[in-house]
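Asks: Protein chains in written order, with our numbering: chain A, 73 to 356; chain B, 751 to 1042.
Do not rely on the hints blindly, as some may be mistaken.
Quick list of in silico lysine-lysine cross-link-like pairs, DSBU-like style, CA-CA up to 30 Å [said to hold, decoys possible]:
1) K754/B with K851/B
2) K918/B with K813/B
3) K754/B with K163/A
4) K1029/B with K851/B
5) K851/B with K260/A
6) K100/A with K126/A
7) K754/B with K100/A
8) K918/B with K1029/B
9) K1029/B with K813/B
10) K126/A with K260/A
11) K260/A with K163/A
12) K163/A with K1029/B
Please keep in mind that the hints were generated in silico from the structure rather than gathered at the bench.
Because the structure is a prediction, the values reported are computed rather than measured.
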Amino acid sequence: MLLPAALVTLIFAYVPMGGLIMAFQDFKPYDGVFNSPFVGLEHFRFMFEYPDSKQVIINTLIIAGLKIVFGLLVPFTFAILLNEIRLTLFKRVVQTLVYLPHFISWVILGAILTDMLGSEGIVNGMLQAMGMDPIFWLGDGNWFRFTVVVSDIWQNFGFNTIVFLAALAGVNPSLYEAAEVDGANRWKQTLYITIPAMIPITVVVATLSIGNILNAGFDQIFNLYNPLVYDKGDIIDTFVYRTAILNGQFSFGTAVGMFKSVVGLVLIVISYRLAARYAGYKIF
Amino acid sequence: MYYKTSGYRIFSIFNYTLLTLICISCVLPLLHILAVSFSGSAPANSNLVGLLPIDFNVEAYTKTLNNSNFHQALSMGVYRTLLGTFVGMVLIVLAAYALSKDSHGFRSRSFYTWYFLFTMLFSGGIVPAYMLIRNLDLMNSIWALVLPVAVNVFNMVLMMNFFRAVPKELEEASLIDGAGHFRTLWSVFLPISMPALATISLFTMVFHWNSWFDGLLFITDYKKYPLSTFLQTVIVQQDFNKINPDVNELKNISQRTVKSAQIFIGTLPILLVYPFLQKYFVKGIILGAVKE
Chain A
73 MLLPAALVTL IFAYVPMGGL IMAFQDFKPY DGVFNSPFVG LEHFRFMFEY PDSKQVIINT
133 LIIAGLKIVF GLLVPFTFAI LLNEIRLTLF KRVVQTLVYL PHFISWVILG AILTDMLGSE
193 GIVNGMLQAM GMDPIFWLGD GNWFRFTVVV SDIWQNFGFN TIVFLAALAG VNPSLYEAAE
253 VDGANRWKQT LYITIPAMIP ITVVVATLSI GNILNAGFDQ IFNLYNPLVY DKGDIIDTFV
313 YRTAILNGQF SFGTAVGMFK SVVGLVLIVI SYRLAARYAG YKIF
Chain B
751 MYYKTSGYRI FSIFNYTLLT LICISCVLPL LHILAVSFSG SAPANSNLVG LLPIDFNVEA
811 YTKTLNNSNF HQALSMGVYR TLLGTFVGMV LIVLAAYALS KDSHGFRSRS FYTWYFLFTM
871 LFSGGIVPAY MLIRNLDLMN SIWALVLPVA VNVFNMVLMM NFFRAVPKEL EEASLIDGAG
931 HFRTLWSVFL PISMPALATI SLFTMVFHWN SWFDGLLFIT DYKKYPLSTF LQTVIVQQDF
991 NKINPDVNEL KNISQRTVKS AQIFIGTLPI LLVYPFLQKY FVKGIILGAV KE
């Protein structure tokens, strides 16, 4: 029964790993993997010397780093605020609505954002109505990074709140009652009961997200960016797509992609170990 | 009681207001697009439409649905979603069933578990994947969109955990009654695991419906683009050359109301399955992600 899945995985996941050999070759589609000449680490050397790819790595780190930090803080805070809501119906409606953007693809969201944030869009229309200058959300490098991070948080904070809410659901209510009797007000209760209850899962999420430091979100960036913001908004994945697939530099693209995969793997292994040691977290 | 203090009351008012605003921000963009799609093209083009349609009409939708390119893309999208979900579920259920047995009954279990898990941690990246599809002659085939993503390891682990929760006695009783593994899977495991099957197949459907990049990568014939790829090319990249050189159809596509209608139709299936999805996934995610 395992055979079909194992076979499909072998062909579509393991065979491409073999294709990584292209990173060490001067690959010519005409000659194929078996006849192209080997060039050793030439492409990797080029990657670290070529200013564009250095900038791309820096962009990736900045965007992914901001997304990780705020992607943790916002759901954390949101879960605390939601925990203070005592109207069950209101709580349920809020949860349903904030999960929604997570399920809509970046093609749709990208199209909507480009429309709303464009120079003629409704957001700049409102800014101008209030007497402010329009902002080039998607045309200026720094604003582009800002927009990317904020819209990513906006899409996912609701969904990421789930794990924190699960942790809060496990808190023994008698802890709050005891604190109440001892005269702790709600702020003190939050500080000494709610927040500590969320710390273990926060540590887990934080350590596991280290593995994603080179994933700045291909789907999102690809659907929002344009040549104007390549300098500040281009990330490894979009760069690989353009150099390798569009410009046909297969070997160089493979090398950059492989750099990302290897660094990602190492970081994931390290972060799993850290999570297991400091938070007692095991997946399997 | 803490919630009777005036400080907490002020906080509550602030809290309810803030959460309401956050909720509104999550649905606002969709409502705006919906309003634009039902508006007349003059107010839409001059950005007068906020959340309510101006000059209400359904012309954008009739135009969109009569557009032959959109039609093709829509049916490709549906076809891909159905086929992809079916193939994916068959592979996942079969493999998860085998892997849910303990290592006593299935000796190389841990080897296979790692065999699958490793693909979650490390991959060849898009260039080798692209070369592989080219060499397999799968370019422009629907299988290029279905097979590489068929074995979703995360979903497989979820499914496996559900199967493990099935009582051992049921399985033994079935095997003693002379049922083989296939029969046991079909008549004992699957009926019990309906919630899991619903969650995972809905996840898979949403995934296939939303996927666009593999279409861009592996499909060169625009007539075979699934809807997401079509929308990406036409609306996000504004690349009309790839789609159709016919000037009349191009006019239809570039109108703002029509664009909005297309975006909204692209979201509609998600909005329809979402209520069903929402009921199950919170439980599924927590079971899969958090273990004591």
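Asks: Indicate, hint by hint, whether the structure satisfies it.
Replies: Now the hints, each set against the structure:
no., hint, in the structure
1, K754/B with K851/B, "55 Å, violated"
2, K918/B with K813/B, "57 Å, violated"
3, K754/B with K163/A, "20 Å, holds"
4, K1029/B with K851/B, "29 Å, holds"
5, K851/B with K260/A, "48 Å, violated"
6, K100/A with K126/A, "25 Å, holds"
7, K754/B with K100/A, "75 Å, violated"
8, K918/B with K1029/B, "28 Å, holds"
9, K1029/B with K813/B, "35 Å, violated"
10, K126/A with K260/A, "47 Å, violated"
11, K260/A with K163/A, "23 Å, holds"
12, K163/A with K1029/B, "15 Å, holds"
Comparing the model with each earlier hint shows violations of hints 1, 2, 5, 7, 9 and 10; every other hint is respected.
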